[in-house]
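There are 2 protein chains.
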Amino acid sequence: MEKYMSLLQETALFMSLSAKEIGKVLEIAREVKFAEDDIIMKEGDFGDTLYIIRKGTVEVAKCLTMEGMEDDDRAMEKNKVFTRLDESQHAVFGEIALLEDTKRTATIRAVTDCICYEIRKDDFLRLAEEDNQLGYRILLNLARIVSARLRKADEDTIKLTTALSIILKES
Amino acid sequence: MEKYMSLLQETALFMSLSAKEIGKVLEIAREVKFAEDDIIMKEGDFGDTLYIIRKGTVEVAKCLTMEGMEDDDRAMEKNKVFTRLDESQHAVFGEIALLEDTKRTATIRAVTDCICYEIRKDDFLRLAEEDNQLGYRILLNLARIVSARLRKADEDTIKLTTALSIILKES
Chain A
8 MEKYMSLLQE TALFMSLSAK EIGKVLEIAR EVKFAEDDII MKEGDFGDTL YIIRKGTVEV
68 AKCLTMEGME DDDRAMEKNK VFTRLDESQH AVFGEIALLE DTKRTATIRA VTDCICYEIR
128 KDDFLRLAEE DNQLGYRILL NLARIVSARL RKADEDTIKL TTALSIILKE S
Chain B
8 MEKYMSLLQE TALFMSLSAK EIGKVLEIAR EVKFAEDDII MKEGDFGDTL YIIRKGTVEV
68 AKCLTMEGME DDDRAMEKNK VFTRLDESQH AVFGEIALLE DTKRTATIRA VTDCICYEIR
128 KDDFLRLAEE DNQLGYRILL NLARIVSARL RKADEDTIKL TTALSIILKE S
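Line order of the protein sequences matches chains A and B.
The first sequence lines up with residues 8 to 178 when you count with my numbering.
The second sequence lines up with residues 8 to 178 when you count with my numbering.
In isolation and in its complexed conformation, chain A is listed as follows (with noise of 0.2 Å):
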């Protein structure tokens, strides 16, 4: 366990937290087991719970286009971007949860079996209520794991509009 502390304050999600802090997250979080080819969590639906892969790889799975505009599985399954993550990443998926009410924004599957720690948003804000200095520093990743993220969107929809403006001045 000790170990695996030590790998958890490498984490982006806890980073500069204490043992003793990631203790008190640990304790809120619920151990969860998926086998392989289970699905995770499934982009649309509504979500409340944050995931950190203790073992196992997931495939992060988001739809490119809007839903019904494509023919069929096959089209569907093109228009997808697939990304790995497992347990040497120290991986962490569902963030946006802790923050919103909002649907998930990706589809994640099982690879191999896994183990999660899952944390529910409410257990995750009240604890962040009672240990202010926990709570900021948490956010404080959380808003610069995001922040990080929205730089990436901002770059693929410069591409996106670039690489539409060359074939609309081509046609």
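Heads up, a few of these hints could be off.
Pairs involving identical chains hold if they fit within one copy or between any two copies, as the list cannot separate such chains.
[As the list claims (entries may be wrong)] Pairs of lysine-lysine, DSS-like flavour, derived with a Cα cap of 27 Å:
#, residue 1, residue 2
1, Lys110, Lys166
2, Lys31, Lys166
3, Lys159, Lys87
4, Lys166, Lys27
5, Lys62, Lys31
6, Lys110, Lys128
7, Lys128, Lys49
8, Lys110, Lys49
Just so you know, these hints were derived from the structure itself, not from any lab.
Put chain B on the given structure of chain A with help from the hints.
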């Protein structure tokens, strides 16, 4: 000032903060004036300040295609997207600077003479470290603002990819 305080309590950044806490934030803020047409910040420049509009209107311009792809300035103008912010929305801009050392993601121009509160990242982080309750509350708001912007950016990506896929099918 009291009336202004209650206005600030309605802003996305200061929501759920007490008047006393907002007062602490304003203590580290500097009042800055901009004349009509001044460029307050330029996309791509490094910046470490956040602004709250106290009086006036600004225009937000974001370049939508890659640098150097366009032939002339007029083309560049066409590929920018504009929105306006003013004091009636108690608008905040440059908020990413409180989280990361990163480049400005938009150009902000004063449409009228403006008075803004300017808050420096270092001063903000010092205050938040000193007063974790205040830090926690602002960071929760800030993370939610960034998260909402991320959701919007994701939607834009889906629209653009859909447009691209339709055009490519037709051509």
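Checklist entry - 27 Å Cα cut-off: does Lys31 pair with Lys166 within a copy, between copies, both or neither? => result This pair counts as neither: shortest intra-copy Cα distance 42 Å, inter-copy 41 Å.
Item to check | Lys62 and Lys31: within-copy, between-copy, both or neither at 27 Å Cα | outcome: Close inside one copy (20 Å), not across copies (44 Å); limit 27 Å.
Item to check | 27 Å Cα threshold - placement of Lys27 relative to Lys166 | outcome: neither (43 Å within a copy, 45 Å between copies)
Item to check | Status of Lys49 relative to Lys128 across identical chains (alpha carbons, at most 27 Å) | outcome: within (18 Å within a copy, 37 Å between copies)
Checklist entry - Under a CA distance limit of 27 Å, which applies to Lys110 and Lys128: within one copy, between copies, both, or neither? => result Answer is within; shortest intra-copy Cα gap is 14 Å, inter-copy 31 Å.
Checklist entry - From the Cα coordinates, with 27 Å as the cut-off, is the pair Lys159 and Lys87 best called within, between, both, or neither? => result both (17 Å within a copy, 18 Å between copies)
Checklist entry - 27 Å Cα cut-off: does Lys110 pair with Lys166 within a copy, between copies, both or neither? => result both (26 Å within a copy, 18 Å between copies)
Next on the checklist: Within, between, both or neither: how does the pair Lys110, Lys49 come out at a Cα-Cα threshold of 27 Å?
Outcome noted: within (9 Å within a copy, 34 Å between copies)
Checked against the numbered hints above, the structure breaks hints 2 and 4 and satisfies the rest.
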